[in-house]
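Each chain is listed here by its residues.
Number of protein chains: 2
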Amino acid sequence: MQPDFTVHNTTPAGGRRSVLRLPHGEVQTPVFMPVGTAATVKTIEQSVIESLNAEIILANTYHLYLRPGHELIRRAGGVHRFMSWQRPMLTDSGGFQVFSLSKLRKVTPDGVEFRSHLDGSKHFFSPEHSMAVQIALGADIMMAFDECVETPASWERTRDSMGLTHEWAARSKRYWEEHRHEVPWGQGLGIREQGLDLAPGGSTAFGRTYDHTRFSDKHQLLFGIVQGGMYPDLRRESAERLVEMDFPGYAIGGLAVGEPREVTREMIALSLEILPKDKPRYVMGVGYPDEIEEYAKLGVDMMDCVLPTRAGRHGLVFIREDPNDRASKPIRWNIKRVDNAEDHGPIDAGCKCMVCERYSRAYLRHLYVSDEPLGAMLNSIHNVAFYLETMTRVRAELQAQV
Amino acid sequence: MQPDFTVHNTTPAGGRRSVLRLPHGEVQTPVFMPVGTAATVKTIEQSVIESLNAEIILANTYHLYLRPGHELIRRAGGVHRFMSWQRPMLTDSGGFQVFSLSKLRKVTPDGVEFRSHLDGSKHFFSPEHSMAVQIALGADIMMAFDECVETPASWERTRDSMGLTHEWAARSKRYWEEHRHEVPWGQGLGIREQGLDLAPGGSTAFGRTYDHTRFSDKHQLLFGIVQGGMYPDLRRESAERLVEMDFPGYAIGGLAVGEPREVTREMIALSLEILPKDKPRYVMGVGYPDEIEEYAKLGVDMMDCVLPTRAGRHGLVFIREDPNDRASKPIRWNIKRVDNAEDHGPIDAGCKCMVCERYSRAYLRHLYVSDEPLGAMLNSIHNVAFYLETMTRVRAELQAQV
Numbered sequence: 000m001q002p003d004f005t006v007h008n009t010t011p012a013g014g015r016r017s018v019l020r021l022p023h024g025e026v027q028t029p030v031f032m033p034v035g036t037a038a039t040v041k042t043i044e045q046s047v048i049e050s051l052n053a054e055i056i057l058a059n060t061y062h063l064y065l066r067p068g069h070e071l072i073r074r075a076g077g078v079h080r081f082m083s084w085q086r087p088m089l090t091d092s093g094g095f096q097v098f099s100l101s102k103l104r105k106v107t108p109d110g111v112e113f114r115s116h117l118d119g120s121k122h123f124f125s126p127e128h129s130m131a132v133q134i135a136l137g138a139d140i141m142m143a144f145d146e147c148v149e150t151p152a153s154w155e156r157t158r159d160s161m162g163l164t165h166e167w168a169a170r171s172k173r174y175w176e177e178h179r180h181e182v183p184w185g186q187g188l189g190i191r192e193q194g195l196d197l198a199p200g201g202s203t204a205f206g207r208t209y210d211h212t213r214f215s216d217k218h219q220l221l222f223g224i225v226q227g228g229m230y231p232d233l234r235r236e237s238a239e240r241l242v243e244m245d246f247p248g249y250a251i252g253g254l255a256v257g258e259p260r261e262v263t264r265e266m267i268a269l270s271l272e273i274l275p276k277d278k279p280r281y282v283m284g285v286g287y288p289d290e291i292e293e294y295a296k297l298g299v300d301m302m303d304c305v306l307p308t309r310a311g312r313h314g315l316v317f318i319r320e321d322p323n324d325r326a327s328k329p330i331r332w333n334i335k336r337v338d339n340a341e342d343h344g345p346i347d348a349g350c351k352c353m354v355c356e357r358y359s360r361a362y363l364r365h366l367y368v369s370d371e372p373l374g375a376m377l378n379s380i381h382n383v384a385f386y387l388e389t390m391t392r393v394r395a396e397l398q399a400q401v
Numbered sequence: 000m001q002p003d004f005t006v007h008n009t010t011p012a013g014g015r016r017s018v019l020r021l022p023h024g025e026v027q028t029p030v031f032m033p034v035g036t037a038a039t040v041k042t043i044e045q046s047v048i049e050s051l052n053a054e055i056i057l058a059n060t061y062h063l064y065l066r067p068g069h070e071l072i073r074r075a076g077g078v079h080r081f082m083s084w085q086r087p088m089l090t091d092s093g094g095f096q097v098f099s100l101s102k103l104r105k106v107t108p109d110g111v112e113f114r115s116h117l118d119g120s121k122h123f124f125s126p127e128h129s130m131a132v133q134i135a136l137g138a139d140i141m142m143a144f145d146e147c148v149e150t151p152a153s154w155e156r157t158r159d160s161m162g163l164t165h166e167w168a169a170r171s172k173r174y175w176e177e178h179r180h181e182v183p184w185g186q187g188l189g190i191r192e193q194g195l196d197l198a199p200g201g202s203t204a205f206g207r208t209y210d211h212t213r214f215s216d217k218h219q220l221l222f223g224i225v226q227g228g229m230y231p232d233l234r235r236e237s238a239e240r241l242v243e244m245d246f247p248g249y250a251i252g253g254l255a256v257g258e259p260r261e262v263t264r265e266m267i268a269l270s271l272e273i274l275p276k277d278k279p280r281y282v283m284g285v286g287y288p289d290e291i292e293e294y295a296k297l298g299v300d301m302m303d304c305v306l307p308t309r310a311g312r313h314g315l316v317f318i319r320e321d322p323n324d325r326a327s328k329p330i331r332w333n334i335k336r337v338d339n340a341e342d343h344g345p346i347d348a349g350c351k352c353m354v355c356e357r358y359s360r361a362y363l364r365h366l367y368v369s370d371e372p373l374g375a376m377l378n379s380i381h382n383v384a385f386y387l388e389t390m391t392r393v394r395a396e397l398q399a400q401v
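So the sequence lines, in the order shown, correspond to chains P and D.
Under numbering that gives the first Met the number 0, the first sequence has 321 at position 322, and the numbering climbs by one with no breaks.
Under numbering that gives the first Met the number 0, the second sequence has 281 at position 282, and the numbering climbs by one with no breaks.
With the rest of the complex left out, here is chain P (with noise of 0.2 Å):
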């Protein structure tokens, strides 16, 4: 299936300028994803994240099932409606946090059963699930439910986890197929809302125009994941079995979990290599502000990560090394380090984030270390912006690149 994908020019390294229109908007591509867990970007209220420019964000479809749960997304009109965010978004499908947040996971052919990290209760996850739960959810781009494996794992045990994750891309495929009208945008309206004057352009009860007939044509899209571990004929074997089932676009799974950085680099290359360059190709869960640039460079389209925000709660900014080069090497800067207590000049000299425009590394000290909230709040900003600041360069160096 073909997405709405536009490549405007292709570097002789794989790196490209596209363009991804999603229903709720375009993406200019490469594109870094912060990500909002429970519907929201930690600490980072939507009109800042707006503010950023961040064009995309991520939710994560584990977290919202259980809490507070995909039918009431869905009878809010979705995750959009519920959490004020008008731009694009991806869920990821709830895979690789049964595998790492909840307790005494049971995988059988079918799926996934669990209890919820939350409560101890008992929940089970299959490919036809998770896409039920994705389309209530209504995000632009869905992914389909795949096995996560463990790290290391021999061949045998990554090559079966392949297995059933092709079986469960098939059925994903299959579910979203059937039911992917069902996604609630311009239906579900919030019970207040109801009764309120919601035609073509009319307001909410928040006095925001809400178009419901925008969505009419459109629906949600899903992409496939590229397993196979560490091993190269299984990646490889894996991205094939995937491309065969033709899917709107493509995820590469299962890395960055402990691996040398070699290796991740190796097993995007070759997965780049068979993925088609008419679809976006997803990293799922990178990087650090160097690795983003490098597989953007190579022909990543899409990634997203925690780390910016959640470095930032740990008081850890990202800074170039040389200010005044923002392609110059980066580098995580500690902001309870003794030598920024009367440090009166920014994070960092060369960005022009709302907190390097204000605010002080001897503040930002001093917020972190009384622990109060608004020292997360303002280095996770920093650090969004670093990373969106990071692809808006790599996206101006690819498009000169002509």
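Honestly, I wouldn't trust all of these hints.
Identical copies look the same in the list; a pair holds intra-copy or inter-copy alike.
Straight-line C-alpha distance at most 30 Å; calculated DSS-like pairs for lysine-lysine [claimed, not checked]:
1. 102 <-> 335
2. 351 <-> 41
3. 41 <-> 335
4. 335 <-> 121
5. 328 <-> 41
6. 105 <-> 276
7. 328 <-> 296
8. 102 <-> 121
What the hints contain is simulated information worked out from the structure, not anything from laboratory work.
Starting from the structure of chain P, add chain D where the hints point.
Here is chain D on its own, set in the frame of chain P:
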């Protein structure tokens, strides 16, 4: 001493519309001052506080003395520069926190010896030391160092404490008169900023114009604090004694410590009879939304309270019983309530704050039960907006009663 305080009109009940001109700007009164304890209004970033039209905020001397330290802040050019807040500020004297937060407190006629609640280290606060710390911090308004007496307290105990407070008020004033020229406005530039062009109108590392000359003929104001517990005769005596000392402004302290509302009102009313009408009158640490309205209409010009931000962090948000009547009864609404779970309307349908313009009760409830930082932030922003909106309405009502 005369402050730059202009009373525009006084209503029969005593409330009045005035303007207080301070070194960092003008304040329309009666005013509610959000509390920024450790140089941050908890969870709310400074540009958001500005957008809420808060004209003056508070910081706590005890907290900043302990961490990061007043000398560090003095070297930074004062707390305004340190936290990047360019509007008026007020610091309390530290007296109340020494009383309520510290461990192993020992009061002598000279001052108070105490142990830090942070690390148990020993410290000593005297009127002179409190003044020195507050001068180093550089808020527009400072408070005299007073003794706080426990509640309830006998008449004798209250009288003795009051006597000490009066001696300390005189010592505070003497020190302030001798040392207020040491305020670091325009001095004590940050390390990074040294060497930059900082002539009047010159920019800092932050690209902001910092005009030092605007402070060259200005200094901080020191307010005296009326004590006297819940004893009318002692309250009158305290007010009279402080008026004799000719402070630029007066606070009414030691209230809202558990006494019945009628007693609070009585103590305020009789203090207001004695305090001069041509100077600001500030009731510390109050109150609920109906209280601040009540006291403002009696003639109180300034109030502060942690309630809007603290309640917000605990999932409690203020609404009007009738959203369309902003003067109707204020109600504290618990965002955790199950009946919020699918309520897609705003916290308060008549509130025009950024939270009520964008986010639903359902989403805010989700954030709160999920312990997401954005929850506490949005609740707090709404609550501060609610308080500031209350005072805006009260000022308009007072102005209209010509």
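Task: Numbers of the earlier hints that this structure fails to satisfy, in rising order - done: Number 6 - this is the single hint that the structure violates.
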